[in-house]
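Residue-level listing of the chains:
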Amino acid sequence: MFGTISPTLLVAALMVAATPILLAALGELVVEKAGVLNLGVEGMMIIGAICGFAVAVETGSPVAGFAGGALGGAALSLVFGVLTQFLLSNQVATGLALTLFGLGLSSLLGQGYVGIKPPATGRLDFGPLSDLPFAGRVVFGHDWVVYLSLALTVGIWWFLRRSRAGLTLRAVGESHDAAHALGLRVRATRLAAIAFGGACAGLGGAYLSLVRVPQWTEGMTSGVGWIALAIVVFASWRPGGVLLGAYLFGGVTVLQLNLQAAGVAIPVEYLSMSPYLITIAVLVVISARGTRRSLGAPADLGKQFHATR
Amino acid sequence: MIRLEKRKEPSTLWSYATPFLAVALTVLAGGLMFAALGTDPVAAIRTIFYDPLFDPQYAAYSRPQLLVKAAPLILIATGLALGFRAGVWNIGAEGQYIIGALTGAGVGLALYPAETRLIFPLMVVAGALGGWAWAMIPAILKTRFNTNEILVSLLLVYVAENLLASMAVGRLRNPEGGGFPGSRNLSQWDAAANPELVAGTGLHWGVIAAIAAVIYAYILLNRHLMGFNIRLTGQAPRAARFAGVSPNRIVVFCLGLSGALAGLAGLFEVTGPAGQISIDFNVGYGFTAIIVAFLGRLHPLGIVLAGLLMALTYIGGELASFMLNIPAAAIQAFQGMLLFFLLAVDMLTNFRIRLGREAPA
Amino acid sequence: MQRRTFMGAVATAAILATGAIAQDDPVKVGFVYVGPVGDGGWTYEHDQARQAVEAEYGDRVETVFQESVPEGADAERVMTQMALSGADLIFTTSFGYMDPTMNVAQKFPDVKFEHATGYKTAENVSNYSARFYEGRAVQGFIAGSMTETDKIGYIASFPIPEVIRGINAAYLAASKVNPDVEFNVVWAYTWFDPAKEADAAQALIEQGADVILQHTDSTAPQAAAEAAGDVITFGQASDMAEYAPMPRVSSIIDNWAPYYIDRVGAVIDGTWESQSVWQGIGEGMVGIGEITDAVPEDIREEATRIKEAIGSGEMHPFTGPINRQDGSVWLEEGETADDETLLGMDFYVEGLSGEIPN
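Taken in sequence, the protein lines are chains A, B and C. Note that the working numbering numbers the first sequence so that position 62 is 62, with each residue one more than the last. Plus 1000 on top of the position in the second sequence (first one is 1) and you've got the working numbering. Plus 2000 on top of the position in the third sequence (first one is 1) and you've got the working numbering.
So here's chain A without its partners, still in its complex pose (with noise of 0.2 Å):
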């Protein structure tokens, strides 16, 4: 049944699909390690397709369009650092009205930008290793955000898991008594990582914008944030478990396209519900043989922290 469907270019398409979903979730993933639940994620990405379309249009450089992403969204998330760890605010609360207020401020900034396209982001030039089957489309064949997203994705392995500033980040988020106590300086990190995460955000919402749809549209995102989120708890907050459940989730909306184009008579509706279905399954799955290691949240994920001395 899956005749017609190249997996070449299916995997090729996917890995396009998840990138702005891995990015978002990436960020998150070093935020919610640091012990603080930041549901803003739509907010700052929308508000980083916006100021990435900005400022690549006004400059006419791609790269420059995202490292302004990458900047709104830090900026944005800012809000809610300063807010969550000052003024001690709940972050449920405060991530919500982060959306809220990102999706309504990334209208107002976008209004000059409607209907205009975007310098364009080519694909990476690897001479003739593009030429190669299968791996020269699927491996060789992206433009630069991709591998930076996977780049990404190993750097932050290593970061959390090899670098000391990784070691006070999981000690931050695992207790902030204790890091307290032992003399990290809890606040700064997890501002610092409130920033890291809006950027990455930022960065996948950029990539909508400027890459893969490319155009500024009013709510574009259109909840992409939002699997982002359920990603990370997906990957039970191991970076390898959100490249993993971003690229499943891509793949599927992908696939589920690709099936119906293929004309494959299986029901559209149940064929549009699958990713969200099968993200669910596999997770039950995986959380059915789960031992402890399966239930990575940190300790203090949510909870506020006060330094009484």
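Worth double-checking, as some hints may not be accurate.
Only pairs whose alpha carbons sit at most 25 Å apart, straight line, appear in this in silico SDA-like list of lysine to any residue [stated by the list, open to error]:
| no. | chain 1 | residue 1 | chain 2 | residue 2 |
| --- | --- | --- | --- | --- |
| 1 | B | K1006 | B | N1325 |
| 2 | C | K2028 | C | D2262 |
| 3 | B | K1006 | A | S6 |
| 4 | B | K1008 | A | R187 |
| 5 | B | K1008 | A | D177 |
| 6 | A | K303 | B | S1011 |
| 7 | C | K2120 | C | G2282 |
| 8 | C | K2151 | C | V2027 |
| 9 | C | K2120 | B | K1008 |
| 10 | C | K2120 | B | G1170 |
| 11 | C | K2120 | C | K2176 |
| 12 | C | K2028 | C | Q2051 |
| 13 | B | K1006 | A | L301 |
| 14 | B | K1008 | A | S6 |
| 15 | B | K1008 | A | F86 |
| 16 | C | K2151 | A | S6 |
| 17 | C | K2107 | C | T2080 |
| 18 | C | K2107 | C | V2027 |
| 19 | B | K1006 | B | N1174 |
| 20 | C | K2120 | B | T1143 |
| 21 | C | K2028 | C | A2266 |
| 22 | C | K2028 | B | N1325 |
| 23 | C | K2120 | C | T2080 |
| 24 | A | K303 | B | N1174 |
No lab work stands behind these hints: they were computed from the structure.
Go by the hints and put chains B and C onto chain A.
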């Protein structure tokens, strides 16, 4: 150097004063934004906060609409807040809201065009059951397989949206609608309608249900063992386990109750204000209710006030938007600001601001 | 005491303000939009038409609008508030506003309502809709003539008559000029989700489609086609000229301006009456965007001829013999489809493969 000092007891004074302070700050910041957009800030603020309540031209209509808009928010938030207190994260009320509307409307439409008074109560039960059942999916997966309920409940929202679309163009489509999407109009069928009970008040069964839910939640939390167990589980899960509280029971209870209430909200909406199942029937009440729950500090009465305030900004925002030509996006940003300030100044209830270095002990 | 004085002052000011408006007496026209005015598609075009009304009548009209209004209870409230604010005419621009419009119209018999794409009318409610399928027929002809792989991809939104009609019209025109043509339909279950539309376009292109038709509103499929190279597309709802001359070779434009200007004029003159219209290329409600040089001269000429023939009423896109998908006869030789069947169309015509979801 400014620093915060934890109060021994939350300040009662500040807990009443902070909402007003937040509104004042929002008025300032929002006014600046409106001015920057070239709108008269005074007019904008007045239109948002004052006109829906007191303007002679609109108030008679807008005031009851506050109830219509706030009722589903309060109903859903009340249920969610119980779960949040126990550390049970139901993020998917939007999905339970949709399913409640679908099952309730489905049961009603199956009996069309019978005219008996029993139909509406039957639909109410079906709606609550539908929302409950949809919430039982994350509950059972959580208790049986330890699957995270945030992810499951959230993703099930999208599944519910797909179901809704396919029902609106398929099973539940109005056979007399000439092939157009959308169900029969339930509010125009007496046996299934949820009408305004007292003309000009906005009061419908959903409002009554919301009030009942708030009272129930209040009693549950303050007078009932289950309420105590919920609070204990949230504050000290380990102690709760030692005290013999089954975490699974709490999960099932909280998810089930919040699902049922969300389902009810959906049912009352589809039979009343919305009138029919359509592709875009859901408008985000399930997500906004999460904000309402926290703004109300997870307290039933706080939720009522928070729900009414949110409803006011929606209705006033609409007025401001078309009367003063303010983009809908600016209203959204304004709401975001209001929430930020409400959340930020909340700190004053629990903390004191101190100037200078740490006081010598 | 002070408080009462203050409220009294506000009330007086409000009455004075209304009085001031009554003196100039411009006609107040309200617009209720389902999306943001910056969506670049459906709502954007309605708002363009609103601006055209302002340009046409200047001081004689005042327009107000409300964007991103969800269908259902919120729509009813927005309409009521507009009516309360003194609107004389309100355009409600989405199918889902139908019942709310009827409800509000009943409460305000002196306010006129114009509801888009529905089927109900009342003393003070008109409905209007566009025969987009006429444009689809022109597209279908160009698509059928231009395809080399004989595969045409179609990104559909929801399985509703409007969309099904478009698929049928495009297919009939395409298969007439190219009997081997095949349609692959992908149902996106959304009107607007750029990322999903991009994926759908890509999936169709990978299946060999070299023409993409879309009934969703974003330009994402255009960009996907541009990236793929030799794939052509058509603008939807708005012209999408930024993708011309390739991949966008033409477009269907929702042009509401002539109708809105006409109806507002009728209210100004006091000649407004309830009606139910379904206008197409002839009346200018359905615009065909410029056919670019990427289309060979002869095809371009023929497409223009078809457009004109449809516009003049000389040609109907649904002219028999046409069978339904199951082979049963729908239209006999020379017979044209009646509007009622078209409005409720829930079947594919013969030759289309796949099933309509349900």
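Hint-by-hint comparison with the structure:
1. B:K1006 <-> B:N1325: Distance ~45 Å between K1006 of chain B and N1325 of chain B Cα, so the pair is violated.
2. C:K2028 <-> C:D2262: holds (15 Å)
3. B:K1006 <-> A:S6: violated (62 Å)
4. B:K1008 <-> A:R187: Holds, because 23 Å separates the two Cα atoms, which is no more than 25 Å.
5. B:K1008 <-> A:D177: holds (19 Å)
6. A:K303 <-> B:S1011: This hinted pair holds, its Cα atoms lying about 21 Å apart.
7. C:K2120 <-> C:G2282: holds (24 Å)
8. C:K2151 <-> C:V2027: Between K2151 of chain C and V2027 of chain C the Cα gap is close to 51 Å, so the pair fails against 25 Å, i.e. violated.
9. C:K2120 <-> B:K1008: violated (64 Å)
10. C:K2120 <-> B:G1170: OK: K2120 of chain C and G1170 of chain B at ~21 Å, within 25 Å.
11. C:K2120 <-> C:K2176: At roughly 35 Å apart (the allowed maximum being 25 Å), K2176 of chain C and K2120 of chain C break the hint.
12. C:K2028 <-> C:Q2051: Answer holds: K2028 of chain C to Q2051 of chain C is near 13 Å, not above 25 Å.
13. B:K1006 <-> A:L301: Answer holds: K1006 of chain B to L301 of chain A is near 21 Å, not above 25 Å.
14. B:K1008 <-> A:S6: violated (66 Å)
15. B:K1008 <-> A:F86: holds (19 Å)
16. C:K2151 <-> A:S6: Status holds; Cα separation ~17 Å.
17. C:K2107 <-> C:T2080: Satisfied, since the Cα-Cα distance of roughly 9 Å is no more than 25 Å.
18. C:K2107 <-> C:V2027: Judged against 25 Å, a Cα distance of about 20 Å means the pair holds.
19. B:K1006 <-> B:N1174: violated (59 Å)
20. C:K2120 <-> B:T1143: violated (50 Å)
21. C:K2028 <-> C:A2266: The given pair, whose Cα atoms are some 13 Å apart, holds under the 25 Å limit.
22. C:K2028 <-> B:N1325: Cα-Cα ~14 Å, so holds.
23. C:K2120 <-> C:T2080: holds (18 Å)
24. A:K303 <-> B:N1174: Violated: K303 of chain A and N1174 of chain B sit about 49 Å apart, past 25 Å.
Checked against the numbered hints given earlier, the structure breaks hints 1, 3, 8, 9, 11, 14, 19, 20, 24 and satisfies all the rest.
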